[in-house]
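Enquirer: Protein sequences, first through last, are from chains A and B. Mapping of the first sequence onto numbering that gives the first Met the number 0: position 118 corresponds to residue 117, and the numbering continues sequentially without gaps. Mapping of the second sequence onto numbering that gives the first Met the number 0: position 147 corresponds to residue 146, and the numbering continues sequentially without gaps.
Keep in mind the hints are simulated off the structure, nothing from the lab. One thing to keep in mind: the hints can contain errors.
Here chain B is said to cover these stretches of chain A; the calculated rule only asks that three of the stretch's residues, wherever they fall, bring their Cβ under 8 Å from a Cβ of chain B [unchecked claim]: (1) 108-120; (2) 306-312; (3) 316-323; (4) 434-447.
Label pairs and their in silico Cβ distance ranges [to be verified]: (5) B/Q22 x A/R374: 23 to 33 Å; (6) A/Q373 x B/G420: 36 to 46 Å; (7) A/S247 x B/G342: 19 to 29 Å; (8) A/S20 x B/Q363: 17 to 27 Å.
Note that the structure is predicted; figures quoted are calculated from it, not measured. Beta carbons are placed, not taken as given, at the ideal position from N, Cα and C, and that holds for glycine.
Number of protein chains: 2
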Amino acid sequence: MDNLDTLFYPQSVAVIGVSESPQKWAYYPIKHLVDGGFSGGIYPVNPRLSHIFGLKVYPSIEAIPAEVDIAIIVVSAHLVPSVLKECAQKGIRGAVILSGGFEESGMESGAKLQEEIMAIADRAKIKIIGPNSVGIGNPYANFNATLESSFIDACRGNIAIVSQSGGVCAFLLNSMINQNLGISMVMSLGNRWNVDFADLVEYLGKHQQTKVITLYIEGLDNPHKLIEAAKGVVPQKPIVAYKVRGESLNRAAYAHTASLVGRYEVYNAAFSQAGIIAVDDLTELIDVAKALAFQSPPRGNRVAILSGQAGPGIVAATACQHYGLTLAEFSPQGKKKLGKLVGTPFFSENPFDMGAAFVKDTTQIFQQVLEILQREEEVDAIVVSCVYHPLNTPLIESLINLAEDKAVTKTIVAFGSSPKGIADQQIARLENNHIPVYPLPDRAVKALAGLVRYGKVRYLTS
Amino acid sequence: MDNLDTLFYPQSVAVIGVSESPQKWAYYPIKHLVDGGFSGGIYPVNPRLSHIFGLKVYPSIEAIPAEVDIAIIVVSAHLVPSVLKECAQKGIRGAVILSGGFEESGMESGAKLQEEIMAIADRAKIKIIGPNSVGIGNPYANFNATLESSFIDACRGNIAIVSQSGGVCAFLLNSMINQNLGISMVMSLGNRWNVDFADLVEYLGKHQQTKVITLYIEGLDNPHKLIEAAKGVVPQKPIVAYKVRGESLNRAAYAHTASLVGRYEVYNAAFSQAGIIAVDDLTELIDVAKALAFQSPPRGNRVAILSGQAGPGIVAATACQHYGLTLAEFSPQGKKKLGKLVGTPFFSENPFDMGAAFVKDTTQIFQQVLEILQREEEVDAIVVSCVYHPLNTPLIESLINLAEDKAVTKTIVAFGSSPKGIADQQIARLENNHIPVYPLPDRAVKALAGLVRYGKVRYLTS
Numbered sequence: 000m001d002n003l004d005t006l007f008y009p010q011s012v013a014v015i016g017v018s019e020s021p022q023k024w025a026y027y028p029i030k031h032l033v034d035g036g037f038s039g040g041i042y043p044v045n046p047r048l049s050h051i052f053g054l055k056v057y058p059s060i061e062a063i064p065a066e067v068d069i070a071i072i073v074v075s076a077h078l079v080p081s082v083l084k085e086c087a088q089k090g091i092r093g094a095v096i097l098s099g100g101f102e103e104s105g106m107e108s109g110a111k112l113q114e115e116i117m118a119i120a121d122r123a124k125i126k127i128i129g130p131n132s133v134g135i136g137n138p139y140a141n142f143n144a145t146l147e148s149s150f151i152d153a154c155r156g157n158i159a160i161v162s163q164s165g166g167v168c169a170f171l172l173n174s175m176i177n178q179n180l181g182i183s184m185v186m187s188l189g190n191r192w193n194v195d196f197a198d199l200v201e202y203l204g205k206h207q208q209t210k211v212i213t214l215y216i217e218g219l220d221n222p223h224k225l226i227e228a229a230k231g232v233v234p235q236k237p238i239v240a241y242k243v244r245g246e247s248l249n250r251a252a253y254a255h256t257a258s259l260v261g262r263y264e265v266y267n268a269a270f271s272q273a274g275i276i277a278v279d280d281l282t283e284l285i286d287v288a289k290a291l292a293f294q295s296p297p298r299g300n301r302v303a304i305l306s307g308q309a310g311p312g313i314v315a316a317t318a319c320q321h322y323g324l325t326l327a328e329f330s331p332q333g334k335k336k337l338g339k340l341v342g343t344p345f346f347s348e349n350p351f352d353m354g355a356a357f358v359k360d361t362t363q364i365f366q367q368v369l370e371i372l373q374r375e376e377e378v379d380a381i382v383v384s385c386v387y388h389p390l391n392t393p394l395i396e397s398l399i400n401l402a403e404d405k406a407v408t409k410t411i412v413a414f415g416s417s418p419k420g421i422a423d424q425q426i427a428r429l430e431n432n433h434i435p436v437y438p439l440p441d442r443a444v445k446a447l448a449g450l451v452r453y454g455k456v457r458y459l460t461s
Numbered sequence: 000m001d002n003l004d005t006l007f008y009p010q011s012v013a014v015i016g017v018s019e020s021p022q023k024w025a026y027y028p029i030k031h032l033v034d035g036g037f038s039g040g041i042y043p044v045n046p047r048l049s050h051i052f053g054l055k056v057y058p059s060i061e062a063i064p065a066e067v068d069i070a071i072i073v074v075s076a077h078l079v080p081s082v083l084k085e086c087a088q089k090g091i092r093g094a095v096i097l098s099g100g101f102e103e104s105g106m107e108s109g110a111k112l113q114e115e116i117m118a119i120a121d122r123a124k125i126k127i128i129g130p131n132s133v134g135i136g137n138p139y140a141n142f143n144a145t146l147e148s149s150f151i152d153a154c155r156g157n158i159a160i161v162s163q164s165g166g167v168c169a170f171l172l173n174s175m176i177n178q179n180l181g182i183s184m185v186m187s188l189g190n191r192w193n194v195d196f197a198d199l200v201e202y203l204g205k206h207q208q209t210k211v212i213t214l215y216i217e218g219l220d221n222p223h224k225l226i227e228a229a230k231g232v233v234p235q236k237p238i239v240a241y242k243v244r245g246e247s248l249n250r251a252a253y254a255h256t257a258s259l260v261g262r263y264e265v266y267n268a269a270f271s272q273a274g275i276i277a278v279d280d281l282t283e284l285i286d287v288a289k290a291l292a293f294q295s296p297p298r299g300n301r302v303a304i305l306s307g308q309a310g311p312g313i314v315a316a317t318a319c320q321h322y323g324l325t326l327a328e329f330s331p332q333g334k335k336k337l338g339k340l341v342g343t344p345f346f347s348e349n350p351f352d353m354g355a356a357f358v359k360d361t362t363q364i365f366q367q368v369l370e371i372l373q374r375e376e377e378v379d380a381i382v383v384s385c386v387y388h389p390l391n392t393p394l395i396e397s398l399i400n401l402a403e404d405k406a407v408t409k410t411i412v413a414f415g416s417s418p419k420g421i422a423d424q425q426i427a428r429l430e431n432n433h434i435p436v437y438p439l440p441d442r443a444v445k446a447l448a449g450l451v452r453y454g455k456v457r458y459l460t461s
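Put together the whole structure using the sequences plus the hints.
Expert: In structure tokens, the structure reads:
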């Protein structure tokens, strides 16, 4: 396998270990593969079944009457070595091992089993995802080789999830699905043998549909490899990473994916040096990824805040200070124009509260305000408050118009909310036109701070 | 007015300034009062209208043929003094002034107007909310005297919102509504004259339906008064506060609600001394309020983490360390029992991953695990991962059973998510039984940290 394409765009897949019982893990990969609409060959294997989900079940890998690209393996750990040998004989070049019970079990027998299967895989040049993975999924190939039911609801997009943990993978997937964020690829690594973060980052760096790479990392055997791979990718594509921290968690992480947590400071410094955007929690991971998927990074950190109600603007300004962003100082001409438009010269400052304009013919005014702010030299990015209120609609409409007219020339992020989905359509129109909308001002600003950090990397390296 | 009850539980309300045009602010208070189902007397006033929303409109306050408790005023700023004089003559004891254009306008004329109305109010002993407020709302009285359409969707509950800003009020309301969090009272302060944070905190301290008080503060003229009021309330009820920070925002905050931001360090120290839980952002404000509304605070900071997938447990553990919580050390007997139940002694540590138990008759096992953890002396609080997966259902069900059986004896918070609302019912069953569920592990832990902080206050003072 020259590259990993065969794993993520297979033509034919054998599923080793399939079960008819929803109480068993082995029920799910074959179900998801079929439900996901995978159009390549699907070959379930189980000597005790004849059919499953309308497909013929084969008694062994050998019995499959066609070439097979990859195998999805979900049998008991002790059976994996012999399964893998059969895969080798069949000429299978990639395997996703969902079974657990290897090095992460903490038992000598598990570690031995893992050594055994890895020796087989290396000898036969089989690329292995796992063991102890929840699988991989590629929406662009309708390919759901995961234990995760959520994946079926993921829509195509440009954010890739690379997660050492299957459970975290599910949380990220659910959050992204519920926020209507499109996915380009899902990869759960598990114990990582001959396919590791570095390989996947390199692969995703060239993957056309992926625009943003998100990583959930517990620990790495060879952080240097990831750092080197990242350096090659970040000039083109951002990488956002959440790394587990706290050496007291070494035991837990080891028992999970056979990895050590290590010292976070060391990681953090290395990430920063490589241009990886390290984040503090999963909310930030998703929010920053969304901003990066939607907007181009700004060239600086000077922010203009625009709102129809002062308070949310002030909260956004507080957050700017907290996350290292600067409130842009408007030019005297800009201030003059803004004050004239809105009708209260005293307000023509940043954060810019347009409350006073609400009595006028507002959509046009707001649109002109947006244009003025975009032309301000001292402004790198604009944060817009879009809280729902019938009288606030003109502000939101003006932003929608700007976005639909493809007249956005600076980085823009928005925050807005409505009760019970009243403004969902407005928000969707903004997001369909690449303006990310967050439910609260602080989150919009924190996401923008991620964009600014990536801007530094991007414009330094290009 | 001995207390503020007349303002928040009025028997009759005059709405001064009503408009039939949805393009005018004056359209909304009367509409919301009627739509909200207020059962007291409603007396709209406008000399140019005869009827609105099926109600008779009076040409003046004087013309109202009944006693009036309070007035909601939404006329141009320059008309407010004469309106207030009429209110005084009518014997009205409270007014909610929604009109803006006073001290916050930054213009001398506005400041003068404010002085004028306040002199009238003080002389006539009229309690004033505002000016420049978006109003007040009391779901228990079906009383929506706000400009906020969102308020109509708020359900009755026990979280009070006291916000200096109307816009932030809307963001908090929307978030709480969308998270099914019940509200006990909404108060938008605006410029604050003779009703300030301290008065409202004191009032809410005695308000039966309010269990948690949330504050959004830009600046205070007399922080000492709030601090003293808070000290009297926090032994019974938690107060959670978000305070704008950054002296560079003085101008913006002044232009908004005529207040100065001040030095955050000073506020923070005073808040901490008073037992007010200061938070860093609006997400935390809502998340902590939710935890406090649902759960009793723990007596200590030692946390047990329980999950069916190790990764989310490890993220929660990382967050515990970040937010000053300790991972509880299980007792040797506890570990032994846990290991035996789950079948892998190596896993019987904290965070406790029950992945290995998924092949067994799991609901019973999980319930026993929860009982063991609740009995552990070294455990003050339990964090449970409830990510949706068909095979994870037994874990969630065991927690639901525990909660429905009223067998929760320690503080419990949960995190869980599902795509497209699949697990909404499970989450609702947990929350109906007072287990708060957050979409991501970090948020659950940060909310728990708020509970722990309140526990310190509560158990120190009682």
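Enquirer: Between B/Q22 and A/R374, does the beta-carbon spacing fit 23 to 33 Å?
Expert: At 29 Å between Cβs, range holds.
Enquirer: Please check whether A/S20 and B/Q363 have a Cβ separation lying inside 17 to 27 Å.
Expert: Given about 19 Å between the Cβ atoms, the range holds.
Enquirer: Is the listed coverage of the stretch 108-120 of chain A by chain B valid when you require three or more residues with a beta carbon under 8 Å from a beta carbon of that chain?
Expert: violated (count 0)
Enquirer: State, for the Cβ atoms of A/S247 and B/G342, whether the hinted interval 19 to 29 Å holds or is violated.
Expert: holds (25 Å)
Enquirer: Establish whether the coverage given for the stretch 306-312 of chain A by chain B is satisfied; the threshold is a Cβ-Cβ distance below 8 Å, and no fewer than three residues must meet it.
Expert: holds (count 7)
Enquirer: Has the hinted range 36 to 46 Å been met by the Cβ atoms of A/Q373 and B/G420?
Expert: holds (38 Å)
Enquirer: For the stretch 316-323 of chain A, count the residues whose Cβ lies under 8 Å from any Cβ of chain B; is that count three or more?
Expert: It holds: at least three residues are needed, and the stretch 316-323 of chain A offers 5 whose Cβ sits within less than 8 Å of chain B.
Enquirer: Is the listed coverage of the stretch 434-447 of chain A by chain B valid when you require three or more residues with a beta carbon under 8 Å from a beta carbon of that chain?
Expert: That given contact holds, which follows from 5 residues of the stretch 434-447 of chain A lying within Cβ reach (below 8 Å) of chain B.
Violated hint: 1 only; the structure is consistent with all others.
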